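These are the residues of each chain, in order.
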Amino acid sequence: MEGLRIIGSPNEFALRYYQQGADELIYMDTVASLYGRNHLGEIVRSAAMNIFIPFTVGGGIRTVEDARDILRCGADKVAINTAAVSNPQLITEIARQFGSQSVVLSIEAKQIGVGKWEVYTNNGREKTGLDVLEWAKICVAKGAGELLITSIDREGTRKGFDVELVGEVVSAVSVPVIASGGMGKPGDILSVLGDVGADAVAMADILHYERSNFSAIRKVALEAGLGVREYDLT
Amino acid sequence: MTLHEVTIIDYGVGNLLSVQRGLEHCGAKVSLSSDPKTILKSERVVLPGVGAFPRAMEALHRLELISTIQEFAQLGKPLLAICLGMQLLMDESEEFGLTKGLGLIPGRVVAIPKITIEAKAQKIPHIGWSALRSSNPNSGWGESLLRDTQVGDYAYFVHSFMALPAIPEHRISDVIYGGHRIPAVISSKQITGCQFHPEKSGEAGLRILRRFISI
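Protein sequence lines correspond, in order, to chains C and G. Here this note's numbering is used: position 120 in the first sequence is 120, and no number is missing along the way. Here this note's numbering is used: position 135 in the second sequence is 1135, and no number is missing along the way.
If you're looking for bench data, these hints aren't it; they were derived computationally from the structure. Treat the hints with care, since some could be wrong.
[As the list claims (entries may be wrong)] In silico DSS-like links for lysine-lysine, alpha-carbon gap of 27 Å or less: (1) G:1189 with C:142; (2) C:185 with C:159; (3) G:1114 with C:137; (4) G:1123 with G:1029; (5) C:142 with G:1123; (6) C:116 with G:1029; (7) C:116 with C:137; (8) C:159 with C:142; (9) C:185 with C:142; (10) G:1041 with C:142; (11) G:1189 with C:137; (12) C:137 with C:185; (13) G:1041 with C:137.
[Claimed, not checked] Pairwise CB distance ranges, derived in the manner of DEER restraints: (14) G:1005 with C:112: 56 to 62 Å; (15) C:172 with G:1094: 40 to 46 Å; (16) C:223 with G:1106: 23 to 29 Å.
Note that this is a predicted model, so its numbers are computed, not measured. Idealized CB from N, CA, C, for every residue including glycine.
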């Protein structure tokens, strides 16, 4: 696979972020669907050994059995994207078995016009023809308990979140929305959490490459009057 | 028998691995069981639970565990009920019609209000981190599992219903959600119910589990 870089073992990163005060962890096998694989179980199982915050696992979950395996390994939620697009009923089936709170719908959004975004799958490789806002409403109606919205246009750019996209999704649905893609600096969280009311932000390479850290990000949030968890590091 | 033995009641609902790992991390020797005799002989018992109230009561009934848990509680040994487990402690629940609970703490399980006190739409379930507050400003947490917890510590919640004790003294800690006070920890004698997941609440949660295994 071109364009991918190995930066370390997922569990070392996970443990470090847990100890530094992350509120939740998201494990995403970004190329699982492409290769038709699903072997996050072992990573999840070992994470559950020493991480005592919620975690979500996504990538390659195609059936209720896949979801059950991941949840049994200690995950709290599964994130689905590609499989939900090809079989929306899967959302309902997983929600019925394990509750809506365990189903995170991951939506990869690419802007295709003014105020218009299209749903992509396979980590931004395949277009689906679906409108993001319509799809978000369908997913919630089918039982998704949370939405993880990733802007493909912003992902990796460090230019900040797609605030307009997140704002439109937040207004369209009644479940928590996690904004993802494009975080370049701590201050980027303010518009997306404060102004448009996202419930959480997901961040990856800003932490992986140590451009910032949780205490700096929390400080920015607290100074802006956003409610974030305060904790002591022990 | 070691000092920190815990039995988690395994009645087929939800993932027990995280609770088990949290307790083990705190130094407990943990076993899972659905056998009434084993449960009754245990030093401490955890009643976990996710999902719907009626289904959980059905499962407990099928395994003949309702009277087991009631008997265990009467022995005065420590019982920690987590999330749906806490709701099962009550007399009854309004989730999907009225269902009888374990009746260990008087009160009822009702839906979290769907609007905030400012009459805005409220997101249900209540998912996420909320700060623990004292329910009774006049009584501290010294006698409860929250002895080592600070007011304002955050805990991780996932729930759509809440357990409302009939007796105010049974209410130990609340959280504020949409302006409403929602019971977070309830307690009567050696029975404690936690609406949040201590095994998913970082160090603050682990402090509660440590307290539980050392009483």
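Tested hints:
| no. | hint | result |
| --- | --- | --- |
| 1 | G:1189 with C:142 | violated (43 Å) |
| 2 | C:185 with C:159 | holds (9 Å) |
| 3 | G:1114 with C:137 | holds (19 Å) |
| 4 | G:1123 with G:1029 | violated (38 Å) |
| 5 | C:142 with G:1123 | holds (16 Å) |
| 6 | C:116 with G:1029 | violated (55 Å) |
| 7 | C:116 with C:137 | holds (15 Å) |
| 8 | C:159 with C:142 | violated (33 Å) |
| 9 | C:185 with C:142 | violated (35 Å) |
| 10 | G:1041 with C:142 | violated (44 Å) |
| 11 | G:1189 with C:137 | violated (46 Å) |
| 12 | C:137 with C:185 | violated (30 Å) |
| 13 | G:1041 with C:137 | violated (51 Å) |
| 14 | G:1005 with C:112: 56 to 62 Å | holds (60 Å) |
| 15 | C:172 with G:1094: 40 to 46 Å | violated (30 Å) |
| 16 | C:223 with G:1106: 23 to 29 Å | violated (45 Å) |
Of the numbered hints stated above, those contradicted by the structure are hints 1, 4, 6, 8, 9, 10, 11, 12, 13, 15, 16, listed in ascending order.
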